[in-house]
Structures are given as C-alpha cells and as structure tokens.
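Engineer: Spelled out from the first residue to the last, the chains are:
Protein chains: 2
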Amino acid sequence: MPVIRELARAYQAFSAYSDAHVRQFDLTPAQFDVIATLGNTQGMTMGDIGEKTLITKGTLTGVVDRLVQKRLVQRATLVDNRRCVMVQLTPEGNQLFETVFPAHIAHLKERFNQLDATDLDQLQGLLTQLRQIF
Amino acid sequence: MPVIRELARAYQAFSAYSDAHVRQFDLTPAQFDVIATLGNTQGMTMGDIGEKTLITKGTLTGVVDRLVQKRLVQRATLVDNRRCVMVQLTPEGNQLFETVFPAHIAHLKERFNQLDATDLDQLQGLLTQLRQIF
DNA sequence: TATTGTTATACTCTATAACTATA
DNA sequence: TATAGTTATAGAGTATAACAATA
Chain A
3 MPVIRELARA YQAFSAYSDA HVRQFDLTPA QFDVIATLGN TQGMTMGDIG
53 EKTLITKGTL TGVVDRLVQK RLVQRATLVD NRRCVMVQLT PEGNQLFETV
103 FPAHIAHLKE RFNQLDATDL DQLQGLLTQL RQIF
Chain B
3 MPVIRELARA YQAFSAYSDA HVRQFDLTPA QFDVIATLGN TQGMTMGDIG
53 EKTLITKGTL TGVVDRLVQK RLVQRATLVD NRRCVMVQLT PEGNQLFETV
103 FPAHIAHLKE RFNQLDATDL DQLQGLLTQL RQIF
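Chains A and B, in that order, give the protein sequences.
Residue numbering for the first sequence follows the numbering used here, starting at 3 and increasing by one per position.
Residue numbering for the second sequence follows the numbering used here, starting at 3 and increasing by one per position.
Errors might be hidden in some of the hints.
As the list makes no split between identical chains, a pair holds if one copy fits it or if it spans any two.
Distance condition first, Cα-Cα at most 16 Å in a straight line; then the derived EDC-like pairs of lysine to aspartate or glutamate [unchecked claim]: (1) Lys72 <-> Glu94; (2) Lys72 <-> Glu112; (3) Lys72 <-> Asp50; (4) Lys111 <-> Asp121; (5) Lys54 <-> Asp123.
Derived from the structure by calculation, the hints contain no laboratory data.
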C-alpha cells in the first residue's frame, strides 16, 4: 500500500515547510489554525472552532488562553445562551490575520504552483474523495 | 488555493483514523512509527531512525527511552564506532510488530480500498510529486 | 438530564541548545 | 574539530475524565 506511505511523506514535507513559516510569526500551528479560522468571521463559539480545526475542547481552551494572553483574540459570553463562549479576533488579531494569512498562502503557492493546473485539480479531487472515506 | 485545504483536511481525517487504531495497542503515533521503521531490519542507529521518521534527535531519545521501558526495543553501542547507538526490536517488540503492523495496514486498507485502483495510482503519483516539491 | 466550556492530570512531542564521549 | 547521542529547559498539544454553569 505505497499510497499510504506517500500520503504520510507528502504531508510531513508539506507541514514541515508550512509550520516553519508560521512559527516565524510566533504562532504555533494550532494557534495559526484558530486565527485562520476566525479570520473574516464575526467570531465563533469554542464548539464551532473545535469542529473546524479538529482540536478537542480541552486542548482548545489552552490554545485560546494563549491567544488571549497575546491579545490576539477575546472571549465574550453569548447573551442568549450563557453556556456558550464567543471567540473573536481583537483588532490586533485581525491585523495579524490580514498580514500573515495572505503571506502564508503566498508562501505555500510558491511550491504548489510548481505543479501544473491539471494535476492540482486532479489532486484536489482525489484528496476530497480520500477525506470523505475517513 | 483549495487544494491546500483539502490536503490538510484529508490528512487530518486519515491520521485521526490511523492514530486512534494505533493507540489501541498502547503506542503513540511516534512510537508506532519507530517500531514500524525497525521492523524487518537488523536494527538502526538513532541517526538513521531520525532520518526515516523525521523525529528530531532530542525527541527521539525520549521516544526510544519509552520503548525501552516497555521492553519493545533495546540499545547497543556499535563496536566500530562507539559514538553510535544501535536500536533493535526485542523479541517482544518484534512480536508486537508482527501482529500490529499487518493489522494496522489492514485497518487502513479497509478505507483506501473504497477508491478504485486507477484513482489510487493517480493519487500516489501526485503525492510523490507533491513531496518532491517540498 | 443534556450541553458548553473549563479544569485537572499525566503523558508526550517540539524546538533549541548545551553537553559528553568518541572520532 | 566534527560527529552521535543525551540531557536540559521551556512550552505546547493529547487523551481522558471530572466538574461548574446553564439550559
């Protein structure tokens, strides 16, 4: 089953490249994931963020704590359901998002654009299939 | 660049499935990675294992320590270069490898076989290209 | 009772760099 | 001096489960 090996290798190579870039902005991959998820939204509950990022709730509390410490996000309880916590980017967080996110995409594109468009389309389709299987 | 998103999602889904299975055998993903790497070999040095698994040397010492504690691997210094440490599966480690590894592959195949052979071949080729880019 | 988050525990991995022994 | 591993440090993510507040 060499495809399994290739999947792991390809992703490892990709994420080493991606994570190293993210770390230059003093963000861990998980922190970047949350910032990227919150970007261009009005904020999301902890539960929503957990669903999107696949970070479990116990861990997510810690990740958000550290982002709050860095003044990149803020918490607010919902008025209509006081069990829920709304997490939003602060102005600083939003500014970071607006600079880091496009820079990061550009950094990744540098590599992905070395594949031709047809291959990228195929790859995307196959990865979608793969995800649906799991 | 939706292909980036799909790559991350597909891999997350895959590794959640894979890691959960591995954990049933009381192994962390990193520990399984080392066991799988050492399987069917005469043993490897720490440096070799690090290269194969992409675990950095500081971390690898800890991972191997825990495998030694579990009596799954053993260390031995090389005679001709006493700086090098040879790591080998113990009989227990080998037995674990021989049961867990095929079981794990079978577990993964269950899902991968839901794609047809042509798609798997294509995917494999594209992933190889992707890895080479990084 | 069920849901949303937080807290607690114990472990594991990560990055980085200093250090030891050997070459 | 260079190399192979270990050790040290500080921080972060993981699984799991108990817990508080709210519904």
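Engineer: Each hint needs a verdict: does it hold in this structure or not?
Structural biologist: So, going through the hints one by one against the coordinates:
{"no.": "1", "hint": "Lys72 <-> Glu94", "in the structure": "within (9 Å within a copy, 47 Å between copies)"}
{"no.": "2", "hint": "Lys72 <-> Glu112", "in the structure": "neither (30 Å within a copy, 44 Å between copies)"}
{"no.": "3", "hint": "Lys72 <-> Asp50", "in the structure": "neither (21 Å within a copy, 39 Å between copies)"}
{"no.": "4", "hint": "Lys111 <-> Asp121", "in the structure": "within (14 Å within a copy, 25 Å between copies)"}
{"no.": "5", "hint": "Lys54 <-> Asp123", "in the structure": "neither (23 Å within a copy, 30 Å between copies)"}
Violated hints for the displayed structure, listed by number in ascending order: 2, 3, 5.
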